[in-house]
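Participant: With the hints as your guide, set chain B onto chain A.
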Amino acid sequence: MKEIVVIIGGGIAGLEAASQLLKLGYSPIIIEKEDHLGGKVANWHKLFPDMTPAKDIVDELIASSKDSNIFLNTEISFINRLQDSYNIKLSNGISIMTKYILCTTGFRLFEAEKKEEYGYGIYNQVITNGDLEHWFNTGKDERIENSSMQAIGFVHCVGSRDEKARNSQCSKVCCITAIKQAIELKEKFPDAQIYCFYMDLRLFGKKFEDFYIKAQKDYGIHFIRGRVSEVSENIEGKVIVKAEDTLAGKPIKVTLDLLVLMSGMVCNPDTHKMAGMMALQVDSDGFLKSHDNVFHITSSTKKGIFYAGACTGPKTVPETLAEARSAVLDIHSQIISGQ
Amino acid sequence: MSIFGFRISPSSAINLDKVDRTRFEELCRIEPDAMRCMACGSCSATCPAATFSGMSVRKVLLNLQRGKEEEAFRLMSNCMLCGKCTMVCPRGINTRHIILSICRIYEKEAGR
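Chains A and B are the protein sequences, given in the same order. Residue numbering for the first sequence follows this note's numbering, starting at 8 and increasing by one per position. Residue numbering for the second sequence follows this note's numbering, starting at 3 and increasing by one per position.
Incorrect hints may appear among the rest.
The list that follows gives simulated cross-link-like pairs (lysine to any residue, SDA-like), each with its CA atoms no further than 25 angstroms apart [unchecked claim]:
(1) A:Lys-62 / A:Ile-134
(2) A:Lys-249 / B:Val-21
(3) B:Lys-20 / A:Tyr-226
(4) A:Lys-249 / B:Asn-17
(5) A:Lys-221 / B:Asn-96
(6) A:Lys-47 / A:Gln-176
(7) B:Lys-20 / A:Ile-190
(8) A:Lys-224 / B:Pro-34
(9) A:Lys-260 / A:Glu-237
(10) A:Lys-221 / B:Glu-28
(11) A:Lys-224 / B:Thr-24
(12) A:Lys-257 / B:Asp-22
(13) A:Lys-193 / B:Lys-20
(14) A:Lys-249 / B:Arg-23
(15) A:Lys-224 / B:Arg-106
(16) A:Lys-257 / B:Cys-30
(17) A:Lys-257 / B:Ile-10
(18) A:Lys-224 / B:Phe-75
(19) A:Lys-260 / B:Glu-71
(20) A:Lys-171 / A:Tyr-130
(21) A:Lys-309 / A:Asp-337
(22) A:Lys-280 / A:Lys-310
(23) A:Lys-179 / B:Met-40
Simulated restraints, written as ranges between beta carbons of each label pair [claimed, not checked]:
(24) A:Gly-256 / B:Cys-105: 23 to 31 angstroms
(25) A:Ser-236 / B:Ser-11: 15 to 23 angstroms
(26) B:Glu-109 / A:Asn-50: 51 to 59 angstroms
(27) B:Lys-20 / A:Lys-40: 49 to 57 angstroms
(28) B:Glu-109 / A:Gly-244: 37 to 45 angstroms
(29) A:Ile-342 / B:Pro-34: 54 to 62 angstroms
Coverage of chain A stretches by chain B, computed from C-beta distances (three or more under 8 angstroms per stretch; other residues unrestricted) [claimed, not checked]:
(30) 226-232
(31) 253-261
I should point out that these hints are in silico values taken from the structure, not numbers from a laboratory. Idealized CB from N, CA, C, for every residue including glycine.
Bound-form chain A, shown alone (with noise of 0.2 angstroms):
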């Protein structure tokens, strides 16, 4: 009998998860809450480094994982512990059994209403990362169209770093997101002035120094080390930035057609309740605790139960590809040494 294998989330871990379970043999049975598979992914345009169209990777994980048995808009009621294995009961009213549960329930983007010195959701000419890249894919967002755009703004850090907001831990992939959106605005608008303010630029991988260089020398986006301490409206509707140019050591002042906000990824509050479920520990940033962070990242302390992606903590999307290989690996070498 083939061995069954539930993933629960059907975004870009879970696909490429159930792609190679598929591949080795088993049955993988994915659990979206969603109506549609691909996660966050789905909603994005284009991913750094390359501007890789985020629909082209979508489709062709969701093409190699079709043969699993996939559940859309579908939760999870409540699961039971049993001697070795987990009775997992959907709220289609499916139950399942099985001894082997990989976790692939990922992140949301911080609330940036949250922040409320920046005025999202206040004045009009502030959006979030997410806006504008569903902008990107559907054109249509009457904040960006309505304005002649002179000077754009990006603010670094949104909900990350944070301990007010509760989230003291790095994004980690804001700073390269924010460098991304930055070039493809100034490519929209090429009359516009592109400022990025930052805490600190962590750009750690591979091709990311060289797309910094390239935004500051090519496309001449300016980079202002410092943290906006408030935005206002002036009587046009644009929005005023103040924030300290830590450089220079002086004050600064900005007047904007659109400011985008790159809130960071924070963990999903889903997680928690499924993690209740099953007893599994939350780590003091949110996300799910590993077994250790070093050699067991997809291992949670729970036979049977695994982690891939942003659940664990945030993540680019070949760090998430990977990470479900690898649990895909230790899943199997379990099923293994089992039989």
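Facilitator: Chain B in isolation, oriented as in the chain A frame:
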């Protein structure tokens, strides 16, 4: 104006709305590397004039970008063109050449 020994000092704040970028953009056309500075401070640390005058290529470029040209010229007047900053720049920016280009462009514009 000084009344009772008090006077208002001019604001040191930078207003990016009022920055005239014509000359800096001309500089970037000739010296595209002028935008690549990541403000590491190597140039200032090695500058033999820095200890006595505060000269720093990083600050010169930043001041020009922020429209504080007078401040940039004041710093640059201490440069001896020794080229040590070019040797230490981790991004390989030809800082010495940039300083010469700044002199050429801004002098032409200001009629100095």
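Participant: Next pair to validate is Lys-47 of chain A with Gln-176 of chain A; report whether the Cα-Cα distance is within 25 angstroms.
Facilitator: holds (20 angstroms)
Participant: Starting from Lys-20 of chain B, check that the Cα of Ile-190 of chain A is at most 25 angstroms away, please.
Facilitator: holds (24 angstroms)
Participant: Holds or violated: are the alpha carbons of Lys-257 of chain A and Ile-10 of chain B at most 25 angstroms from each other?
Facilitator: holds (17 angstroms)
Participant: Hinted pair, alpha-carbon criterion (25 angstroms max): Lys-221 of chain A, Glu-28 of chain B. Please report holds or violated.
Facilitator: Holds, at about 18 angstroms.
Participant: Quick one: see if chain B covers the segment 253-261 of chain A, three-plus residues with Cβ-Cβ under 8 angstroms.
Facilitator: As far as the segment 253-261 of chain A goes, the hint holds, because 7 residues have Cβ atoms under 8 angstroms from chain B.
Participant: Taking the Cβ atom of Ser-236 of chain A and the Cβ atom of Ser-11 of chain B, is their distance within the range 15 to 23 angstroms?
Facilitator: About 22 angstroms separates the Cβ atoms of Ser-236 of chain A and Ser-11 of chain B, which means 15 to 23 angstroms holds.
Participant: Check whether the Cα positions of Lys-280 of chain A and Lys-310 of chain A lie no farther apart than 25 angstroms.
Facilitator: holds (19 angstroms)
Participant: Do the Cβ positions of Ile-342 of chain A and Pro-34 of chain B conform to the proposed distance bound of 54 to 62 angstroms?
Facilitator: holds (56 angstroms)
Participant: Check whether the Cα positions of Lys-257 of chain A and Cys-30 of chain B lie no farther apart than 25 angstroms.
Facilitator: holds (24 angstroms)
Participant: Is Lys-62 of chain A within 25 angstroms of Ile-134 of chain A, Cα to Cα?
Facilitator: The hint holds at about 23 angstroms.
Participant: Given the hinted pair Lys-171 of chain A and Tyr-130 of chain A, is their Cα-Cα distance within 25 angstroms?
Facilitator: holds (22 angstroms)
Participant: Are the Cα atoms of Lys-257 of chain A and Asp-22 of chain B separated by 25 angstroms or less?
Facilitator: Distance of about 18 angstroms is within 25 angstroms: holds.
Checked against the numbered hints above, the structure violates none of them.
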